[in-house]
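Got chain B sorted already, so can you dock chain R onto it with the hints?
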Amino acid sequence: GEDVEQSLFLSVREGDSSVINCTYTDSSSTYLYWYKQEPGAGLQLLTYIFSNMDMKQDQRLTVLLNKKDKHLSLRIADTQTGDSAIYFCAESILADGLTFGKGTHLIIQP
Amino acid sequence: EAGVTQFPSHSVIEKGQTVTLRCDPISGHDNLYWYRRVMGKEIKFLLHFVKESKQDESGMPNNRFLAERTGGTYSTLKVQPAELEDSGVYFCASSQVWGSTEAFFGQGTRLTVV
Chain B
8 GEDVEQSLFL
18 SVREGDSSVI
28 NCTYTDSSST
38 YLYWYKQEPG
48 AGLQLLTYIF
58 SNMDMKQDQR
68 LTVLLNKKDK
78 HLSLRIADTQ
88 TGDSAIYFCA
98 ESILADGLTF
108 GKGTHLIIQP
Chain R
76 EAGVTQFPSH
86 SVIEKGQTVT
96 LRCDPISGHD
106 NLYWYRRVMG
116 KEIKFLLHFV
126 KESKQDESGM
136 PNNRFLAERT
146 GGTYSTLKVQ
156 PAELEDSGVY
166 FCASSQVWGS
176 TEAFFGQGTR
186 LTVV
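Sequence lines, in order, name chains B and R.
For what it's worth, the working numbering labels the leading residue of the first sequence as 8, then goes sequentially.
For what it's worth, the working numbering labels the leading residue of the second sequence as 76, then goes sequentially.
Isolated chain B (complex conformation):
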């Protein structure tokens, strides 16, 4: 199976919360990340969490990590049209390169 898996699409209504899920296989992962890619743009680091944490909150973003189940989620509160993008889950082991998922397209319905 893939090292990092995530759903390809998520559709939510504007104003609702979006929850993007990700599972990974490597228990040695040190850091887990969420990147955002808007059309025509590069990858933007949204947030990351160290593997010994289980939650991190930054304004509208909440990251939850279940290390036992190797499950990472990104919750976006009060989803806006500007949140429409592809969201990539990624992991790394210390200073190694990032291993990415295929990305989740977040679609915002008015």
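Simulated from the structure, these hints should not be mistaken for lab results.
Ideal placement from N, C-alpha and C gives every residue a C-beta, glycine not left out.
It is possible that part of the hints are untrue.
Here are the computed distance ranges between Cβ atoms for each label pair [what the hints assert, rightly or not]:
1. R:Gly-103 x B:Ile-114: 37 to 45 Å
2. R:Val-113 x B:Ser-58: 23 to 31 Å
3. B:Pro-46 x R:Val-189: 17 to 25 Å
4. B:Ala-48 x R:Thr-151: 40 to 48 Å
Frame of chain B; chain R shown alone:
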């Protein structure tokens, strides 16, 4: 402050030709990474430079790919000869500190081999 810039933004070449992609990292960033996303697949790590040295090139797919970082500043990724399966988006990232927690990505170069 300028971000990570990549040239060109798009490139269309014929199979068998040579293409060179360039990445200018953020000034002062010793760490430079190359990644590739083939259509429908994950973004895959290719290699990591620390200054001018290749720290990790475990992700390089084959010897048709050559990455250089002369002087520890900008980097080039040459594909020679290009094959159809090399088509995809090539991302470059840089970071000041060891590791990837503060890596900044460029906008990518979309390579199409026909």
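Hint by hint, work out which the structure violates, then give me just those numbers in ascending order. The structure breaks only hint 4.
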